[in-house]
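Trainee: Listed here are the chains, written in short residue letters.
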Amino acid sequence: MTSWHSRLARRLRALFRAREVDRELDAEIRLHVELETEELMQRDGLTREEARRRALVAFGGVERYRESHRDARGVNWMEELTRNLRFAVRSLRRAPAFTAAATIVLALGIGAAVAIFTVIDAVMLRPLPYSHAERLVEVLPGQNANIALADALGQGTPALAASTGLSIWDLTLTGQGEAAVIETQCADAAFFDVFGVKPFLGRPFRADERDLSRSDVVVLSYGLWQRRFGGDPSVIGRRIALDGNGHRMRTVIGVMPRGFTAPLAPPGSDIEAWAPLSRPPGETIATDSSWYVNHIVGRLRAGATVATAASQIRTTMERLSGTYPAYVDAEVARTAGAMSLLDSMVGDVRTPLLIMLAAVGLVLLLACANLANLLLARGERRRQEFAVRAALGAGRRRLVRDQLVESFVLALVGGVAGVVVARVVLSAVGVGELSGLPRVAALSLDWRVLVFAAGICALCVLAFGLLPALRASSGELKTHLGAGTRSAGPTRYGRRVGFALIAAETAIAMVLVTGAALLLSSLRALASVDPGMRVDHVLATRLEPPSESYGGQRGVRFYEELLGRLRALPGVAQAGAVQLLPFTHNNWAFPYLAEDHAPGKAGRLPAASFRVVTPGYFRAVGVPVLRGRDVEAGDRADAPAVGLINHAMAEQLWPGERAVGKVIRLFGNRPFTVIGVVGDVHQHALRDAPDPEMYVPLAQFPVTGMVVMVRARGEPSTVLPDVRRTIQSVGNDVPIADMRPLSAVLDQSLARERFFTSILSFFGILALTLGAVGVYGVMAYAVGARRGEFSLRMALGATASGVMRAALATGLAPLAAGLAVGVLAAFATTRLLAGLLYGVGPMDPRVVVAAALVLIAVAVVAIGVPVRRAGRSDPVQALRTD
Amino acid sequence: MAQRADLLQGTLDLLILKTLLLGPLHGWAISKRLRQLSSEVLNVGQGSLYPALYRLEDKGWISAAWGTSDEGRRAKIYTLTAKGKKQLAAERSAWRNFSTAVNQVLHAT
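Chains P and S, in that order, give the protein sequences. Here this note's numbering is used: position 529 in the first sequence is 529, and no number is missing along the way. Here this note's numbering is used: position 12 in the second sequence is 12, and no number is missing along the way.
Hints in this document: simulated from the structure, not taken from any laboratory. Glycine included, C-beta positions come from ideal geometry on N, C-alpha and C. It is possible that part of the hints are untrue.
[To be verified] So, partial list: chain S residues that the calculated Cβ filter (under 8 angstroms) puts toward chain P:
(1) Trp-28
(2) Glu-71
(3) Arg-73
(4) Ala-75
[As the list claims (entries may be wrong)] Pairwise CB distance ranges (calculated):
(5) Gln-42(P) / Thr-79(S): 24 to 32 angstroms
(6) Phe-98(S) / Arg-43(P): 33 to 41 angstroms
(7) Ala-90(S) / Gln-42(P): 36 to 44 angstroms
(8) Thr-79(S) / Leu-81(P): 31 to 39 angstroms
(9) Thr-79(S) / Arg-48(P): 29 to 37 angstroms
(10) Lys-83(S) / Asp-193(P): 56 to 64 angstroms
(11) Lys-85(S) / Leu-357(P): 56 to 64 angstroms
(12) Glu-49(P) / Phe-98(S): 38 to 46 angstroms
(13) Asp-70(S) / Arg-48(P): 18 to 26 angstroms
(14) Ala-90(S) / Arg-126(P): 51 to 59 angstroms
(15) Thr-79(S) / Asp-446(P): 46 to 54 angstroms
(16) Val-388(P) / Asp-70(S): 51 to 59 angstroms
(17) Lys-85(S) / Glu-49(P): 40 to 48 angstroms
(18) Glu-80(P) / Thr-79(S): 27 to 35 angstroms
Kindly generate the complete structure, drawing on both the sequences and the hints.
Mentor: Right, dumping it as structure tokens:
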């Protein structure tokens, strides 16, 4: 009958409607006393006054009774908690310096932890913004896949309900205000089923729009529709000039829902339209000359697992390698598989992020150690107070509880401040641009983050509060009643804990500083890698002219004129163009057959990176022509086909021979003569070795989109307005897709490394500071408490340096122990960093020694200041005070 | 100290339940009935009666409602619940065991 909820309801009533309950109680008492009075008057013949007095006496103290009744109601612990809280707040306010120090330490520690966790939450924990996103898998064929292969994989995998290839194209929008480049995701009709999305307006792609002749349709993003088309619904069915990927005009067939984010969009990109992946009908895996797809994504059937899908994909690839041995490598087929989409998106950042979380955990531990130390010292100072309170009858539990409530209040204040710190830091720092991490565009503190923050605070209370609380109320309190205000020194217990703290803080700081030092030296090694070009003073401008007016030789003439005009600008030293921005993951790789070499088995051709350049490009970006000659104006469409290769390719194909003059057949059937060999460039990332590369002149391989490189005589920004004006005057319908200094592009390629390095360095510095403060605190307290002893020694003839040596010895022993443990722990943990490191081993002795030296230097200062103070103890003064 | 209080408290609970077995009563009537039943020997400290009533209500052994007393006054009237009857039976046998044991010890020599 009285189930737990009605009992709870009674409790809550008792708590929140205490007045009412008290009133009922009063009525009950009044009735009792009245009835008792009447009974006494009747039975014993007493006067009303006398009867009433006896009735009250028999009842006992009404107030006392009320209290015990309230206790039975279970109200008191709540009231007592509020009282404890008030008490704690008051006692913290009495020690503002301590409270401020504790709050700052906690706010930094908790703030850092919350900030890191917010990033982890956004990147790894939040589900992808698609319905049943856990069923999305990325199909990994293990090799480049054309559309025909992507289709075959989808059909050969029964575990997948639907699948789609994905690739990204830059289309050029004209006729709707200023010409603009629209990043467009090309996908199959199944895209909408795979990602569980319906257009907000209009319809999805139809299966027959795969056919090249019917694929001139487009679905706009909500944002693009609002911005460029004024949110006009009649745009559906309209033909717009959206040029590229085989079409100049496209029919708008739909608008995506607001807030739909393109899957697998590269960081920094902004996909604003969707178009069908298209190819001529009737092509097979062998004959499909459409572009490779970047990704293949499928949706698992209900009940199917990633593992089943993976094994089916492997089987399909192995079967295809039998049918198309020249296109599907049997060996590669065995590595084919599938991965959950979220895993594949965040897989390569998971380890570094978890390392950051572990690092921030250590920082927090340091913060807690410091606080525990502060509380211990404060507890030692307050032993007198505790002794008095214990003598007055406060139980041990009560003393422990008061202390814990104080810690709780501190953790709460620190936690709130920490969340604020995290918020401010995250919104002030553009994590998205800085980190190059996926999915961090909109960081927000959601419930997971807040739960994490609350959990951290609770852990902190236990970590820094419990020991001092137990300690402060333990054992020999009575002795402190007798002791004077200034006791002989800290108890042995206090000293032991203090020195354990020094050792622990040193060890933790050692691990963090070593990790930070490793990443820093790795970043330095990376930054000092010669990229292969001279990036300073170069302005890179990516142009996407519409192919309608700039297709074929018209584009070649456009770039020729543009480059000529740019070279004539006063601030410009050199200009040239290339079709792909270096230091990004954009890449074209084409199969080729080189002179003196035979095709592989089953007629397979090797592939190499392929770039289209104009005369002047190598000079503009400072890539040396090592042998032979550069591309020249005379290498026109009707001239003999020529090209250059890089040093790596020359060494690979013709080691020790002259490469110039050899013939390479692109696709096995488009021959060009090698006219020169250029230096290697780290095109993709500084940490990757340069790939073999081919360069051909634009006039002989016309493409419309190019990156114009202008080498300025001064800062690249000084020529920016002139360059922009020149582009507009040569082609006013040519949109500028991107314009930045080449050095910024190179910097961006190191964004992730730099991000992780700066975070870990920050943690390292934080660890050093917290560690130093902690060590200083312990030492200052120990020395301060032993001042009497030191003074006595000096009065008895000890020298200042002797006293200092004694003080130093007490600090150095735990420091050495902490260092030793820290070095071992660093050796054990830095291995986790191995994947992030470049040019430095995870146990590089130079780095470990450097980290230890930094730590020792800081520790010596932290220990040295209090020790010097010990040496200055005045024998007379100190003896007098007790 | 705590143990002694528990024993007393448990005994008081048992007595209240027993009293209410005869019918619903308000607080004063319970204390009076207790006195009568124990032939004036047990004068329950009235200060501990009401907390006990509250505790029993909280456990669901008795229920309380505002009504009119035999004397025609507004009073909070307590009734034994089914759960309370079961508890009473259990406590009675426990008490019987306990007092038997005490008697045995007392009369052993």
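Trainee: Hint by hint, note whether the structure agrees.
Mentor: Structure-based check of all given hints:
Hint on Trp-28(S) holds. Least Cβ distance to chain P is approximately 4 angstroms, under the 8 angstroms limit. A distance limit of 8 angstroms between C-beta atoms decides the matter here; for Glu-71(S) the minimum to chain P is near 7 angstroms, and the interface restraint holds. Because the smallest distance between the Cβ of Arg-73(S) and any Cβ of chain P comes to about 6 angstroms, under 8 angstroms, the interface hint for this residue holds. A hinted interface residue such as Ala-75(S) counts as satisfied when its beta carbon comes closer than 8 angstroms to some beta carbon of chain P; here the least separation is about 5 angstroms, so the hint holds.
A beta carbon spacing of about 27 angstroms between Gln-42(P) and Thr-79(S) agrees with the range 24 to 32 angstroms that was offered as a hint. Checked against the given bound of 33 to 41 angstroms, the beta carbons of Phe-98(S) and Arg-43(P), roughly 35 angstroms apart, stay inside it. A C-beta distance of roughly 39 angstroms is found between Ala-90(S) and Gln-42(P), which places it inside the suggested range of 36 to 44 angstroms. The given range of 31 to 39 angstroms is respected by Thr-79(S) and Leu-81(P), whose C-beta atoms sit roughly 34 angstroms from each other.
Separated by about 32 angstroms at the C-beta atoms, Thr-79(S) and Arg-48(P) satisfy the suggested range of 29 to 37 angstroms. At about 58 angstroms, the beta-carbon gap between Lys-83(S) and Asp-193(P) stays in the expected band of 56 to 64 angstroms. A beta carbon spacing of about 58 angstroms between Lys-85(S) and Leu-357(P) agrees with the range 56 to 64 angstroms that was offered as a hint. Between Glu-49(P) and Phe-98(S), the C-beta spacing of about 44 angstroms keeps the proposed range 38 to 46 angstroms intact.
Hint check: Asp-70(S) to Arg-48(P), Cβ distance near 21 angstroms, so the stated range 18 to 26 angstroms holds. Distance hint check: the CB atoms of Ala-90(S) and Arg-126(P) are about 54 angstroms apart, consistent with the given range 51 to 59 angstroms. Hint check: Thr-79(S) to Asp-446(P), Cβ distance near 51 angstroms, so the stated range 46 to 54 angstroms holds. Judged by the Cβ atoms, the range 51 to 59 angstroms given for Val-388(P) and Asp-70(S) holds: they are separated by roughly 55 angstroms.
Between Lys-85(S) and Glu-49(P) the C-beta distance comes to about 43 angstroms, which sits within the given range of 40 to 48 angstroms. Distance hint for Glu-80(P) and Thr-79(S): a CB-CB separation of about 33 angstroms, consistent with the stated range 27 to 35 angstroms.
Hint compliance for this structure: no hint is broken.
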